[in-house]
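Engineer: Turn these sequences into a full structure, and let the hints steer you where they fit.
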Amino acid sequence: MSDEETFASSFSAERRRGLAERLTSFLSQYSHLSDSYIIEFFTEDLWHTLPSKWQPVLQDLSYPQIADLLLDCTNGDRRYPSVWPLSLLAFRASAHALAFPREQRRERGSAAGSVKPEEFLENQSQSSLLGHIFRKHVKPKKQHEIRKLGTLVKQLCTQTDCNRVVDVGSGQGHLTRFLSFGLGLSVTAIEADRTLVAMASKFDGQLLWALEKERQKKNCASQLPVCQSFPRHVAGWVNPKASWEAFVKQLRAADCKSECPPTPSGPSKKRLRGSEHQVRMSSGGSTLSDAHSHDSNKNESEEELSAEDCCSCIRPVCPERVHLEENSHQRCRAFVLTGLHACGDLSATLLRHFVHCPHVRGITSVACCYMKITTRENPTPPGLVTPPVPPPPPGREPRPSEFGYPMSSWVRGLPGHRLSYKAREGACHAVEDYVRRLREESELLRTHCYRAMLETFVRDTRPDLRRAGIQTIKKAHLLPFTEYARLGLARVGLPPELALDPERVEALLKQQGRVVVYFSLALLLAPVVETLVLLDRMMYLQENGVDSQLVPLFDPNFSPRNFVLVALKPCG
3 MSDEETFASS
13 FSAERRRGLA
23 ERLTSFLSQY
33 SHLSDSYIIE
43 FFTEDLWHTL
53 PSKWQPVLQD
63 LSYPQIADLL
73 LDCTNGDRRY
83 PSVWPLSLLA
93 FRASAHALAF
103 PREQRRERGS
113 AAGSVKPEEF
123 LENQSQSSLL
133 GHIFRKHVKP
143 KKQHEIRKLG
153 TLVKQLCTQT
163 DCNRVVDVGS
173 GQGHLTRFLS
183 FGLGLSVTAI
193 EADRTLVAMA
203 SKFDGQLLWA
213 LEKERQKKNC
223 ASQLPVCQSF
233 PRHVAGWVNP
243 KASWEAFVKQ
253 LRAADCKSEC
263 PPTPSGPSKK
273 RLRGSEHQVR
283 MSSGGSTLSD
293 AHSHDSNKNE
303 SEEELSAEDC
313 CSCIRPVCPE
323 RVHLEENSHQ
333 RCRAFVLTGL
343 HACGDLSATL
353 LRHFVHCPHV
363 RGITSVACCY
373 MKITTRENPT
383 PPGLVTPPVP
393 PPPPGREPRP
403 SEFGYPMSSW
413 VRGLPGHRLS
423 YKAREGACHA
433 VEDYVRRLRE
443 ESELLRTHCY
453 RAMLETFVRD
463 TRPDLRRAGI
473 QTIKKAHLLP
483 FTEYARLGLA
493 RVGLPPELAL
503 DPERVEALLK
513 QQGRVVVYFS
523 LALLLAPVVE
533 TLVLLDRMMY
543 LQENGVDSQL
553 VPLFDPNFSP
563 RNFVLVALKP
573 CG
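Here this note's numbering is used: the first residue of the sequence shown is 3, the next is one more, and so on.
Just so you know, these hints were derived from the structure itself, not from any lab. Heads up, a few of these hints could be off.
[To be verified] As a list, the in silico PhoX-like pairs of lysine-lysine whose alpha-carbon atoms are at most 20 Å apart:
no. : residue 1 : residue 2
1   : Lys204    : Lys220
2   : Lys204    : Lys141
3   : Lys215    : Lys138
4   : Lys138    : Lys204
Structural biologist: What follows is the structure, given as structure tokens:
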């Protein structure tokens with residue numbers, strides 16, 4: 003990906019406003035789909051809420067036909083078993099046209115017919131573009147994400163002439179390690195979960211020990227460049243309602259408490275010399291990060307780690323080429339913010355700090371968990387983690403600008419801009435994964451029907467018990483429904499031996515195809531909802547004088563939340 007592809011602005015302010023208007027109009031028209039719960043398919047008779055002309059052409063579709071005719075926006079050879087009404091064709095076309103493209107125009111990362119990117123063709127669990135040191139403790143999905151996001155952050159640092167990075171919601175520190183040890187950046191990582199922070203420090207030590215072994219084996223000390231600093235891991239919470247000044251104050255306090263470099267953790271406890279922090283391990287003297295730009299057959303004496311989707315906190319670092327004076331804590335040097343799958347309002351908080359804090363030069367924001375975003379209608383959505391700080395004074399109403407959505411004044415002023423909890427939760431679903439299930443006619447497709455059937459029997463006995471949490475029943479798709487029901491009924495406090503009418507069970511099972519079609523129609527709206535949320539954030543930045551670019555950085559077949567919002571503050 004070139005710098006031009008990454009940072010160029012492709013949408014004018016006028017185009018963005020027009021797109022926002024079309025998105026809100028379209029989504030409000032079909033909110034009955036995006037707001038519906040598939041587990042209520044039978045209890046709310048959802049099938050008959052569809053337009054009457056849609057029902058006959060949809061009910062007999064095979065699973066592969068659902069994938070090809072509804073969900074796959076790239077399919078150019080659609081063959082219809084019957085004539086579709088224009089309203090259905092318009093619905094599908096509009097949903098595809100309004101959503102941001104989820105793949106790069108010149109996608110080179112995936113092999114044809116492969117779920118995983120090419121970097122995993124030789125080994126399903128190890129990226130060929132990532133050295134072994136950085137793969138340790140890291141799942142393949144995260145290896146892919148950290149390699150690509152780390153490279154993008156490095157580009158941003160180069161463009162801003164700033165080598166300081168703050169990794170927000172850093173989890174076990176996989177991205178932090180790659181940025182620090184692999185790319186030579188000075189990184190501060192903030193994570194709310196102290197257990198994860200302790201793991202991150204432990205993994206740092208293991209990496210240092212592995213590097214020491216390589217150094218001794220190759221006797222390559224002379225090839226090691228002088229380091230900037232060891233990564234700093236901070237356990238702390240960033241209050242989404244706090245000012246950027248409070249945020250910077252939190253960072254200064256964290257820097258003051260910065261610990262000593264981690265001790266190599268392994269059979270040999272030798273401490274590495276400071277100059278061995280950023281590692282050159284290949285005979286040619288290239289850094290670990292050079293594995294990104296070379297071909298996948300390169301000798302793997304280098305590596306990268308990738309972290310889990312951890313949703314936590316924030317914290318910045320002070321940047322570059324400034325003399326460290328005894329009293330320089332009054333000044334905070336520039337830094338770049340990054341957050342890999344920062345959950346709910348955390349992504350919005352990062353953007354607000356980026357806009358208002360004069361020390362933040364750039365940002366790369368990868369969002370997730372849209373259902374945990376706060377809104378005026380739902381300021382405390384399910385799953386929202388409350389901060390360990392006193393609540394606001396009684397009687398103080400949150401300002402509209404304090405919510406996670408909408409952030410921009412423009413979207414906030416549009417009629418129909420509201421997004422329900424269910425619509426935002428649906429936006430987190432993986433369309434590409436469901437398309438694969440449809441084409442494979444997977445047995446997993448029956449689970450939605452099973453849960454919707456169970457809902458009918460639960461409400462027959464307890465009408466007041468609506469959408470009770472049952473949690474995942476292991477390998478539910480391999481069970482007969484009667485066994486699934488027995489396990490599910492017990493989880494909601496009903497007798498497992500509850501009598502089920504066999505004829506009714508059979509009749510409901512025959513409607514599984516309809517359940518799958520209805521879910522697919524709602525799923526078609528998921529990328530549209532995500533587009534509106536992310537466009538709102540781009541417009542918020544634009545309203546504050548900052549242009550931005552939305553980059554589909556990750557392979558969506560491998561990493562569903564694949565968009566990265568990238569922004570640089572204008573010079574001067």
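Engineer: If a hint holds in the structure, say so; if it does not, say that too.
Structural biologist: Status of the hints after comparison with the structure:
1. As the CA atoms of Lys204 and Lys220 are separated by approximately 25 Å, the hinted pair breaks the 20 Å bound.
2. Our distance criterion of 20 Å between C-alpha atoms is met by Lys204 and Lys141, whose separation comes to about 18 Å.
3. A threshold of 20 Å between alpha carbons decides the hint, and for Lys215 with Lys138 the separation of about 15 Å falls inside it, so the pair holds.
4. Between Lys138 and Lys204 the CA atoms are separated by roughly 12 Å; this keeps the pair inside 20 Å, and the hint holds.
Checked against the numbered hints given earlier, the structure breaks only hint 1 and satisfies all the rest.
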